[in-house]
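Asker: In order, the protein sequences belong to chains A and B. Heads up: the first sequence begins at 1 in full-length UniProt numbering, then just goes up one per residue. Heads up: the second sequence begins at 1 in full-length UniProt numbering, then just goes up one per residue.
Hints are not guaranteed to be accurate.
One copy or any two copies: either way a pair holds, since identical chains are not told apart in the list.
The list that follows gives simulated cross-link-like pairs (lysine-lysine, BS3-like), each with its CA atoms no further than 30 angstroms apart [stated by the list, open to error]: (1) LYS290 <-> LYS248; (2) LYS161 <-> LYS374; (3) LYS201 <-> LYS177; (4) LYS150 <-> LYS374; (5) LYS269 <-> LYS144; (6) LYS13 <-> LYS290; (7) LYS201 <-> LYS84; (8) LYS203 <-> LYS150; (9) LYS287 <-> LYS404; (10) LYS179 <-> LYS221; (11) LYS362 <-> LYS398.
Simulated from the structure, these hints should not be mistaken for lab results.
Protein chains: 2
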Amino acid sequence: MKLLNVDTVEEVKQKIDHYFEHFHIGTEVINITEALDRILSEDVYASIDLPEFNRSTVDGYAVVSKDTFGVNESLPTFLEVVGKVEMGENTTLSIISGQAAYVPTGGMIPIGADGVVMIEYVENLDNKTIAVYHPVAPGDGIIKKGEDIKNNSLLLSKGRKLKSQDIGALAAVGVDKVKVFKKIKTAIISTGDEIVDITCKVKLGQIRDINTYSLSAMVIKMGGEVTKKIVVEDNYETLRDIVKMAIKENDFVVISGGSSVGEKDLTEKVIDSFGDVGVFVNGVSIKPGKPTIIGKVENTAIFGLPGHPVSAIVVFRLFGGYLRDKVFSINEKKIGIYAICDANIHSSEGKETYQMVRIEEKDNEYIAKPIHGKSGAISLMTKAEGYIKIDTNKEGVKKGEKVKVILL
Amino acid sequence: MKLLNVDTVEEVKQKIDHYFEHFHIGTEVINITEALDRILSEDVYASIDLPEFNRSTVDGYAVVSKDTFGVNESLPTFLEVVGKVEMGENTTLSIISGQAAYVPTGGMIPIGADGVVMIEYVENLDNKTIAVYHPVAPGDGIIKKGEDIKNNSLLLSKGRKLKSQDIGALAAVGVDKVKVFKKIKTAIISTGDEIVDITCKVKLGQIRDINTYSLSAMVIKMGGEVTKKIVVEDNYETLRDIVKMAIKENDFVVISGGSSVGEKDLTEKVIDSFGDVGVFVNGVSIKPGKPTIIGKVENTAIFGLPGHPVSAIVVFRLFGGYLRDKVFSINEKKIGIYAICDANIHSSEGKETYQMVRIEEKDNEYIAKPIHGKSGAISLMTKAEGYIKIDTNKEGVKKGEKVKVILL
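Throw the hints in and build the complete structure from the sequences for me.
Answerer: Have a look at this one:
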């Protein structure tokens, strides 16, 4: 039996940093209407002031604010109305003390005005005169040119995963196209003589392919593009041919095999056969997911994942996600849920352990309930709402302990 | 001035329940490879046992477990090897006490065996004999037929938003197609004489359209389909023509207008002009978002949102999301982040207040930092990571108070 030189999760990340320091994913320019959840490949600066002019934030009368100081319900001030600002139009109106001009929400503030009194506090006495019953301070009812976003200021940083609101902000400053990273092209290969695609007839003793389905969905969820998904028998030549083609066309190649020694050796041998770096991680002190392989051939990252569906997902999210975040400079916070663990969880010291949990909410607090099942159980997958990570140097989690749940 | 008969958020939800009790969204059957994030429109049951046969969870030797009771490193038991189970194949092997058969992980357990001892604990003495150095209990190393998922058991419920793992579980039981709700067809209309599309030249005094962009992205994020996005001037006939067409082709029509009284009246008049139910919510005691209109014409829900981008997003997520969850029977938990608020927040009693926040993590705890800005400020949108809801009957939030943050 070949002994595995197992790395810790931290060591794997350092190796990924090292071997993929110059990993290249191309960029493309797309319309902001297609940019939701895409990752900016460069900083975006505003090229205008926002607003572009002093703008009213209310429906009301633009005034010289000091004219209104001290007024109240029983002691209004009377102002001459010199005009009306039309919505969406440039105005040449200007006012001086004693005068006012009507301005709608979003309308341009006339020169000379430094406050807008809301129509609720104004009475129209005649066509030319209003009574103002409420004082305004300088700046009230006005958002100044550039007050929201300054020309040339940084709007969104490289590595930003664009949210709905970001798309709105880009529109606001007139940016209709953005440069983003291309989606990571990914081929997904499931190996095993016993594995058959679900569209085929399954004979007794065979097992339906699960991993190409769950991993494809995971790749899409993580913002990637699945170019190929295929089940391959445990045969060196066949697997090598498929992997060779996959390397040419993809950034990531994900191979999920049985976790038995023979199958792992096959994947390793195939990856190493192309020269270049080849396999640089062969076994990780993680549970589940120990028999994980990571390699590099040309500009392609190859992940050899365990065959168990839950392990495959956990490992791919962990290391595929790490490499993606690194390449894309993703600066999104990893926000989890703090919860109280409602049972003891045993973990092996020396292994980073990932425990699937369900979540319940009670008295303004979340409760994490560990889900157990035999190795490879599928029912685990549909019940789990997230997982908790138990550090290498911990022996487990005690009932009542605070844990951080990463949602699945 | 027309007085608004303002509803509370709770009253709006009750009205939505009432008016959309029979709201209909069609269903479609799709491949599971396209089903990520789609919503099941019917329960899915397993139509096979999983596993379909007693399966080994390890590489090892199938044995009669009581043959191994009491063995240890210095006192092994010796068993006759009667054969080897081939991966992915039906086996007719059977064993009795004193015998063993090799089984790979995932292989079928021979008749008569009730445990599998891992190869690590076995020594091959010759072709026909092994020494076993470790006992196995009945069931060790075996996952029984149906132990993971039972034939005819409920796998996933109606209203489930399908995750990557669910796609894997569906594959596992041989389900390659699922019935899901069609995406909610949504038309997005921005009204206002001052609003121009960002692809057009903007004159001083005009404002770039933001809302059709941010709301389109939000609709997609919420699982909907944007069929049309358009900017319309404040003109009754034009708006009515556009809305009339939109109602015919869509489940949701989202109109975001200025929040001024005139523009709101226009939207209301247009919605009411089609007969049927028309406007049934006209103003909500919520901040931001008071000038919200909700109506129904035929089988279409019409949302008249405030013009301020942040308000529009908050209100659409709240009420559009509520109606979607109701129609789709979505049973997903709304999981938020409990955080400590790091500043006092003032809110008006009698209004449900939504306060945008940033989130920081410190000492195993999240801190919510309120973000303030003038009404309608766009920079708020890119800074906010979530929001907290302050209930109608609360006066605000005190610094140090525990709050629940909903992520944006």
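Asker: Each hint needs a verdict: does it hold in this structure or not?
Answerer: We went through each hint and held it up to the structure:
For a Cα distance limit of 30 angstroms, the shortest separation of LYS290 from LYS248 inside one copy, 28 angstroms, qualifies, whereas the shortest one across copies, 56 angstroms, does not. In this assembly of identical chains, LYS161 and LYS374 lie within 30 angstroms of each other by CA distance solely across copies; the values are 25 angstroms between and 37 angstroms within a copy. When the C-alpha separation of LYS201 and LYS177 is checked against a cutoff of 30 angstroms, the pair qualifies only between copies, where the shortest distance is 15 angstroms, while the shortest distance within a copy is 48 angstroms. In the homo-oligomer, the alpha carbons of LYS150 and LYS374 lie at most 30 angstroms apart only across protomers (15 angstroms), although the nearest pairing inside one protomer, at 58 angstroms, exceeds that limit.
In this homomeric assembly, LYS269 and LYS144 never come within 30 angstroms of each other (Cα to Cα): the closest approach is 66 angstroms inside a single copy and 34 angstroms across copies. Proximity of LYS13 to LYS290 under the C-alpha cut-off of 30 angstroms is restricted to the intra-copy arrangement: shortest distance 15 angstroms within a copy versus 49 angstroms between copies. Proximity of LYS201 and LYS84 under a CA criterion of 30 angstroms is satisfied inter-copy only: 24 angstroms between copies versus 77 angstroms inside one chain copy. Proximity of LYS203 to LYS150 under the C-alpha cut-off of 30 angstroms is restricted to the inter-copy arrangement: shortest distance 19 angstroms between copies versus 67 angstroms within a copy.
Taking CA atoms no more than 30 angstroms apart as the test, LYS287 paired with LYS404 passes inside one copy only; the shortest distance there is 17 angstroms, against 32 angstroms between copies. In this assembly of identical chains, the alpha carbons of LYS179 and LYS221 lie at most 30 angstroms apart whether taken from the same copy (21 angstroms) or from different copies (20 angstroms). Taking identical chains as interchangeable, the C-alpha atoms of LYS362 and LYS398 lie at most 30 angstroms apart whether they share a chain (19 angstroms) or sit on different chains (22 angstroms).
Of the hints listed earlier, the one the structure fails to meet is number 5.
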